[in-house]
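Each chain, written out:
Protein chains: 2
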Amino acid sequence: MTLTGHSLIAGQPVVGSGRTAFGFNPATNESLEPAYTLITEDQLTTATSAAAAAYPSFSALDPETHAGFLEAIAGNIEAIGDELIIRAGQETGLPAARLQGERARTTGQLRLFANVVRQGDFRGVRIDPALPERTPLPRADIRQRQIPLGPVAVFGASNFPLAFSTAGGDTASALAAGCPVVFKAHNAHPGTSELVGQAIVQAVKDAGLHPGVFSLIYGPGASIGQALVADPAIKAVGFTGSQNAGIALMRTAAARPEPIPVYAEMSSLNPVFVFDGALKGDVDALAQQYVTAVTGSSGQLCTSPGLLFAPEGELGDKLAAAVGRAVSACAGQTMLTEGIAGSWNAGAEALGSADGVTVVGQGTQGPTKNAPAPTIFGTGVKEFVANHVLHQEIFGAASLVIRYGSVQDLIAATNRLEGQLTASLQLTEEDFPTAAQLLPALEQKVGRIIVNGWPTGVEVGHAMVHGGPFPATSDTRTTSVGTLAINRFLRPVAYQNLPQELLPAALRDTNPWQLNRRIDGTVEAAADAKDKVNA
Amino acid sequence: MTLTGHSLIAGQPVVGSGRTAFGFNPATNESLEPAYTLITEDQLTTATSAAAAAYPSFSALDPETHAGFLEAIAGNIEAIGDELIIRAGQETGLPAARLQGERARTTGQLRLFANVVRQGDFRGVRIDPALPERTPLPRADIRQRQIPLGPVAVFGASNFPLAFSTAGGDTASALAAGCPVVFKAHNAHPGTSELVGQAIVQAVKDAGLHPGVFSLIYGPGASIGQALVADPAIKAVGFTGSQNAGIALMRTAAARPEPIPVYAEMSSLNPVFVFDGALKGDVDALAQQYVTAVTGSSGQLCTSPGLLFAPEGELGDKLAAAVGRAVSACAGQTMLTEGIAGSWNAGAEALGSADGVTVVGQGTQGPTKNAPAPTIFGTGVKEFVANHVLHQEIFGAASLVIRYGSVQDLIAATNRLEGQLTASLQLTEEDFPTAAQLLPALEQKVGRIIVNGWPTGVEVGHAMVHGGPFPATSDTRTTSVGTLAINRFLRPVAYQNLPQELLPAALRDTNPWQLNRRIDGTVEAAADAKDKVNA
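Protein sequence lines, in the order shown, are assigned to chains A and B.
Everything in the first sequence is counted per my numbering, starting at 11 for the first residue and increasing by one.
Everything in the second sequence is counted per my numbering, starting at 11 for the first residue and increasing by one.
To be clear, the hints were calculated from the coordinates, so they are not data collected in a lab.
Check each hint, because a few of them may be wrong.
Pairs count within a copy or across copies, as identical chains cannot be separated in the list.
[To be verified] Below, in silico cross-link-like pairs of lysine to any residue (SDA-like), each with a Cα-Cα straight-line distance of 25 Å or less:
hint: 1; residue 1: Lys455; residue 2: Asp485
hint: 2; residue 1: Lys290; residue 2: Gln418
hint: 3; residue 1: Lys392; residue 2: Asp72
hint: 4; residue 1: Lys290; residue 2: Gln510
hint: 5; residue 1: Lys455; residue 2: Ala264
hint: 6; residue 1: Lys455; residue 2: Ser69
hint: 7; residue 1: Lys392; residue 2: Thr145
hint: 8; residue 1: Lys215; residue 2: Thr75
hint: 9; residue 1: Lys379; residue 2: Ala107
hint: 10; residue 1: Lys455; residue 2: Ser59
These figures come from a predicted structure and were not determined experimentally.
Start from the sequences, fold in the hints, and give me the full structure.
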């Protein structure tokens, strides 16, 4: 494919009237061609008004065309071939194997949502049939469905140039809900964004959809982002990135004449709690798994474990020593951008110089300037509870081992934590009673609890929750990964006493989309329900 | 029952340290005994910390105890007997028949939620079983459930002293979700609030629950309300009332260190669209129904129709004349408070003096000072589209008839509307094609669409939506009436690879609560699903 260097607005390349910017190779510190032209706020409305114009037809699309469209995006992304992996590698420093895995996750995610669209439970059909004989008052026929909110603004994340970017989870779930998407590319991977954007634009054309269903824009970071969220045509926002940027978008959305929901996934320390029983087994293996989770993808994962609670005493000492050995064998990997590497250095410096914080172990600087040495710090639970500096996320390959005395220490530390995406427990059967004491406190702080595993490797399925209380996310009622993510872009509408001719397809007696329906409070499968509604 | 005149905090009467206030009879303009002592912000934390302390046990309650508790509240409210109807009548001016109906709705709502708790679908159980043989990576066992958000602050509405007050829809759905409630009584009906509050407190005691499950507080209106929403123990807010007050609570909630969701139901014009076909039948009956919907409960309903679009020309003239006759036969009814009657007068004055607005018909002043004459105003669609003053809700028995030329006029007027709770269509089969053109625009503006009915009389069922885009509500993704309202107080948590001993009851293989569960994306009824999970 040829990279145009321009935004793709409603199917057309649009030359930005602002300045230009380049992709950047963090391994070589070199700019990447072509130059990308950045749009201005004036040009933004072309994209948002096209999205609004696409809404009526796209939101009413039949399930088969809709699902086929999502599958076509997946196919088009695969058809780009190695070019996508190469460009993404140049722009992010991430190794090819990791990017191939991420591509598979991205296309798998689109196909999963295609199945969700075909299956149709997200339409939330509820029917309370009329009760004309009821006393003292008859009941009207009332039917409910979930409709798409409207055009959605999606912001790409730096650390997943495919799975949380142009055709990532937010875009996939918004399109599956029936919402047109205006996607703001992350400036760290403009070429990768354009390749995937072209794949989506082609799928829009091939399916015969309104071109406003998808636009990809390049613009000056914060200002165009704020303008996008403030645009009256936009009805919801998906974002993955820093806490500062996420909170700024939340404030803008709340201050609009019509406030809109923002789904921002922002930061997480992902604490790991190691219990005594887990240390009576292979401690070296446990330490190695921890260090692998901390250093994989240079630690640039939302779910990288930033805290590990280990018991005081001999067993914990053994673990700390093993962790020190394991991390000292690790070399730094090139980070996504020079800015991110700089922030890592500043964060590690602040943590390392905090009172009562030691270095448990440190690896070696990697092959490039932006590949700092992975570092594991250590401290005591009292220091951790007392000092909020020790609660700051360091995005990258750093983590803090906290030594604790009792489960009461763990509960106290948990109660001091802000909201997190995950918590993990390393334990054996002897630890069940202790873990059971900690679990209620953890549930109040996280979106996912893991036993004898590590938080990295977020499964894209039906039961996954990739969310959590603020500030892990802006909206604890939601997940940004997994099929439940579609619910973020829907709202209920009730139809009272509408004749069949005026009802939307999803609610008609004939049930043309073969949907499961909640009839008078009980879900009935498509085939079973039909008779009751038609009776 | 003896009214104490004090807050009921965690089961105990608490004498407020602030000033005192009295209930007030709007029909006689007389104060009602006893004096109510108002709490201070210092005293507030007694209630919120008790609610936080009640959360661990209440949120994990078994379904049968939980449902029985909700049913006991309903029974205790009925057991108060006529005392409740009499006191509510004194405090609101509402007639006994209306209050009896409202009581039945309140207790019916509690029993409906008891069924929801027993049935259990709101727990949102999703299970993706482990796939140890999957390549390239095995899948862990992942299970999801919805857990209650935490303590909820609920604000009583002035216009429904029972159904949207102490044990109303917000309280019922929050308690059903497993959230303790701190209820701020509306100062317009303190005695009614206490009677119902005592009924809840008794049910808490009889069920052996933690007393912090419910507190009823009296406090100085805005200040204690803001403090309650800002309290860190509170995790969500339910509110029904004015736009100004609702937006103030939204701002406070968004500015917290941990922002929380606010479910505010605020204002609605509830437009009615009359098509030609509907005017070829009994126009007098149609006019009478409209006037009844406008004047019932003195128009003090969220769903009172504030706008009626009637065609220009002879048919529309006939309707306007019939409306004028019908309303002129109506006497005013005493409004809820002197302040509300005063606001009605100011609003009617502003509308009546706007350019191009006429009076279609007016009734007579009622038997008391606070019973203004019901009034129907008239204007043209051009005036309506051009002048935002004509879009202001007048809470009470007033409405505006707007004459239109074509369906394009209706679409243009709809596009100019802010978000509304409802829209209603009066039509016959000949109007279907015209109505079909209008429906997509309406769906973007309202939460419920009604054909050949009136928006008043909100059914409490599974399919009802009592919500809508801002500013009808603060959160268009939700409803405050009907069983879907429970979703407002829940959030998802995933459990990865937890041993059976550590899983919550709702997620165990043995399925002790006999819940329907979504297994690998497909909902299976309790009995069917058991084998698959246990396989």
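Status of each hint after checking the structure:
no.	hint	in the structure
1	Lys455 <-> Asp485	both (13 Å within a copy, 24 Å between copies)
2	Lys290 <-> Gln418	within (22 Å within a copy, 76 Å between copies)
3	Lys392 <-> Asp72	neither (58 Å within a copy, 37 Å between copies)
4	Lys290 <-> Gln510	between (67 Å within a copy, 22 Å between copies)
5	Lys455 <-> Ala264	both (24 Å within a copy, 19 Å between copies)
6	Lys455 <-> Ser69	between (35 Å within a copy, 15 Å between copies)
7	Lys392 <-> Thr145	neither (65 Å within a copy, 43 Å between copies)
8	Lys215 <-> Thr75	within (12 Å within a copy, 56 Å between copies)
9	Lys379 <-> Ala107	within (22 Å within a copy, 79 Å between copies)
10	Lys455 <-> Ser59	between (39 Å within a copy, 18 Å between copies)
Against the hints set out earlier in the document, violations occur for numbers 3 and 7.
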